[in-house]
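Q: Protein chains in written order, with the numbering used here: chain A, 1 to 406; chain B, 1 to 406.
One thing to keep in mind: the hints can contain errors.
You can't tell identical chains apart in this list, so a pair holds if it fits in one copy or across any two.
To be verified - Below, a list of computed lysine-lysine pairs in the DSBU-like style, where the Cα atoms sit at most 30 Å apart:
(1) K259 - K358
(2) K209 - K263
(3) K358 - K260
(4) K123 - K358
(5) K110 - K91
Just so you know, these hints were derived from the structure itself, not from any lab.
If you're wondering where the values come from, they're calculated on a predicted model, not measured in any experiment.
Number of protein chains: 2
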Amino acid sequence: MALYVQKFGGTSVGSIDRIQNVARRVAKTREQGHDVIVVVSAMSGETDRLLGLGRNLSGRPAEREMDVLVASGEQVSAALTCIALNEMGVKAISLLGHQARIETDNVFTKARITRVDDQRVRKALADGCVVVVAGFQGMDSEGNITTLGRGGSDTSAVAIAAATRADVCEIYTDVEGVFTADPNVCPSARKVDRICYEEMLELAALGAKVLQIRSVELAMKYAVPIHVRSTFSDAEGTMVTGEDEALESVVVAGVTSDKKAAKVTVRNVPDQPGVCAGIFEPLAEANVTVDMIIQNVATDGTTDLTFTVSRDDLTRMRDIADDLVKRIGASDVTIDDDVVKVSIVGLGMRSHAGVAAKMFRLLADEGINIEAISTSEIKTSCLIRAKYAELAVRVLHDGFGLGLAR
Amino acid sequence: MALYVQKFGGTSVGSIDRIQNVARRVAKTREQGHDVIVVVSAMSGETDRLLGLGRNLSGRPAEREMDVLVASGEQVSAALTCIALNEMGVKAISLLGHQARIETDNVFTKARITRVDDQRVRKALADGCVVVVAGFQGMDSEGNITTLGRGGSDTSAVAIAAATRADVCEIYTDVEGVFTADPNVCPSARKVDRICYEEMLELAALGAKVLQIRSVELAMKYAVPIHVRSTFSDAEGTMVTGEDEALESVVVAGVTSDKKAAKVTVRNVPDQPGVCAGIFEPLAEANVTVDMIIQNVATDGTTDLTFTVSRDDLTRMRDIADDLVKRIGASDVTIDDDVVKVSIVGLGMRSHAGVAAKMFRLLADEGINIEAISTSEIKTSCLIRAKYAELAVRVLHDGFGLGLAR
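Working from the sequences, and respecting the hints, build out all of it.
A: Given below as structure tokens:
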């Protein structure tokens with residue numbers, strides 16, 4: 001007897017029929033004698049509907065209240081999933097974030113899980129119940145409802161799997177697994193059978209929408225095996241595991257593009273100690289997530305500083321931009337959201353030279369200009385004009401031979 | 001400076017525009033220097049939509065999960081109301097049932113409030129916030145979400161008003177107050193300026209949809225003055241207060257009809273001790289609420305027993321009916337839901353003779369047959385064929401002179 005955590009996304013619980021389908025799948029696992037904890041997202045479209053209601057009332061609605069608002073979406077799908085399970089004769093109980101004791105910090109709309117107290121969940125399992133946990137939500141130390149940011153249900157699932165020492169965390173989604181590139185963009189993209197946390201982390205961070213990045217971090221930290229698979233088929237998906245369990249590493253595991261980036265350039269920044277902190281501290285305070293940061297060598301005692309932020313944070317970025325420029329004595333700031341970040345990811349990069357150079361060459365051969373570069377041990381990213389996004393992904397995917405069997 | 005509790009029903013928060021209207025009203029009270037606790041229902045139609053989702057999945061969905069499901073409706077409107085208030089520059093915070101510490105028993109779908117711990121609410125008021133509480137919901141001693149039954153938001157509001165010793169509990173609704181009869185049925189119906197708890201209790205119990213009955217009981221117990229008024233006008237509504245504060249009592253204060261009754265007749269019940277308990281104990285266990293009970297004198301050692309139940313409970317009633325008949329040795333049971341209960345209510349009945357007789361005469365003159373009668377100190381009810389409901393209300397209303405100024 002094993003303990004399964006099974007997470008179902010919004011599309012998987014998007015209608016009454018689909019909820020019944022989810023319940024059948026859970027019931028099947030239960031029939032095989034396993035314990036099951038189910039984590040559900042809101043029915044597809046519901047989160048956007050709720051966000052729309054809030055935004056109709058205010059251009060900048062209070063984030064605490066937005067969390068109360070959207071958390072209702074997962075509450076509904078958790079209850080409905082239990083009702084469907086009961087109807088099939090499977091004992092089930094729903095637990096909301098605060099009931100499942102998913103404790104978070106108090107950063108509303110993008111809270112981080114600090115602790116999961118699994119007592120209540122364990123008790124329900126011991127009572128013979130399937131436990132259906134509302135994903136995406138938690139509770140801060142004062143009992144306020146918090147949410148974990150888009151895709152947060154993945155993180156809920158992995159956190160619960162870690163706390164309960166589940167044997168596997170299955171992430172059911174509307175695709176069959178992790179692909180070498182987005183199949184909609186790149187027809188030769190293939191499903192990957194196994195991938196290691198590090199690679200998945202870079203892919204997730206770069207906008208491969210399969211898993212929320214924090215869920216992968218958490219899975220890596222607690223060594224929770226993740227199985228990404230389709231709700232609509234019985235085929236095996238992609239296992240995300242530790243490096244040692246993954247197959248022989250390849251140079252490049254996947255190619256991805258991130259259309260959520262916006263480029264911010266601050267010009268004529270005085271080249272003196274503390275000026276960088278003077279820029280990025282206010283951004284952190286305003287909860288603006290910064291990704292790439294590029295600083296050129298100074299000329300005439302000033303330098304230009306470029307960084308990328310998520311387009312979701314652009315309103316907040318614009319709010320503080322002018323004040324920022326004034327305070328640090330820069331000349332001006334420009335915000336450009338017509339860019340896209342394409343990246344290649346692979347453990348093999350650590351030991352193979354020339355991978356980045358090959359990437360730049362492949363892009364150059366198509367006449368694509370590179371506006372910024374950032375690298376990590378296992379990925380290389382380039383910022384390019386948005387219109388080249390799909391072309392760049394295809395060129396890199398096929399240029400690195402990802403279409404062939406791995 | 002006074003403390004107001006202002007409760008807004010589903011129609012009052014039924015759209016973004018209407019929520020803004022509610023926020024303006026709350027803001028106005030706040031500007032006058034008062035503290036305000038707002039209690040909101042779900043947006044109109046939302047509770048039914050949610051119930052529909054649950055019932056699509058199961059003919060008899062688990063009540064615990066139905067409560068989790070429908071409680072999301074008030075959660076949404078509470079958050080939206082806060083967002084609207086913030087947008088108007090009014091500091092506001094939403095509290096769900098469990099956050100506002102509205103403690104209930106564990107009878108899902110119709111829980112009763114056992115205690116309100118007002119610490120969290122008081123703290124928020126002290127912080128200068130308008131507190132927006134999600135109505136209709138609470139939490140049992142194990143932390144499960146419970147709901148208070150249809151119209152339960154009224155009870156939430158009164159319970160909070162009692163716990164916080166509010167100066168008044170304003171119930172905003174889509175009518176202008178309490179009427180002598182349903183104006184849709186009886187054109188000569190008038191708004192009542194003042195009515196006492198006891199009369200309101202009978203009127204509420206009898207289906208005058210203005211206030212949930214338990215809210216009136218609670219208001220009477222804790223002497224909370226209720227002001228029933230319209231969300232859509234500034235006119236004074238109806239004050240519901242203690243008897244001593246009410247105006248000189250009249251013989252009949254109002255006429256009402258209850259279309260939610262169904263008549264159950266158990267035939268040839270053995271006339272022996274314990275048989276009544278044998279019928280009504282299983283009903284209580286099945287959570288079937290019984291209203292009128294009529295037992296005739298026994299002939300040949302058996303008797304017929306008639307009682308009314310709410311049509312909402314008919315499925316549960318039918319489930320246990322056959323087993324009931326068998327166990328007590330009765331011959332059979334018939335369920336008739338083509339009936340309606342019309343009632344007259346008034347404190348004056350206590351001291352005026354002949355009120356019931358006049359009621360029977362007025363009905364008889366219209367050829368309406370009376371199938372069962374029940375009386376209390378301040379009301380007389382008759383069960384009649386459903387088709388006569390409106391006619392009976394008009395005849396009684398005008399026959400007792402209610403159309404004239406009181």
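Q: All hints are to be evaluated individually against the structure, with a verdict given for each.
A: Against the structure, the hints come out as follows:
For a Cα distance limit of 30 Å, the shortest separation of K259 from K358 inside one copy, 23 Å, qualifies, whereas the shortest one across copies, 79 Å, does not. For the identical chains of this complex, K209 and K263 are intra-copy neighbours only, at 21 Å inside a copy versus 58 Å across copies, given an alpha-carbon limit of 30 Å. Within a single copy, K358 and K260 get their C-alpha atoms as close as 25 Å, which meets the 30 Å cut-off; across copies the closest is 77 Å, which misses it. Taking the closest pair of Cα atoms, K123 and K358 never come within 30 Å of each other, the shortest separation being 55 Å inside a single copy and 62 Å across copies.
In the homo-oligomer, the alpha carbons of K110 and K91 lie at most 30 Å apart only across protomers (22 Å), although the nearest pairing inside one protomer, at 33 Å, exceeds that limit.
Checked against the numbered hints given earlier, this structure breaks only hint 4.
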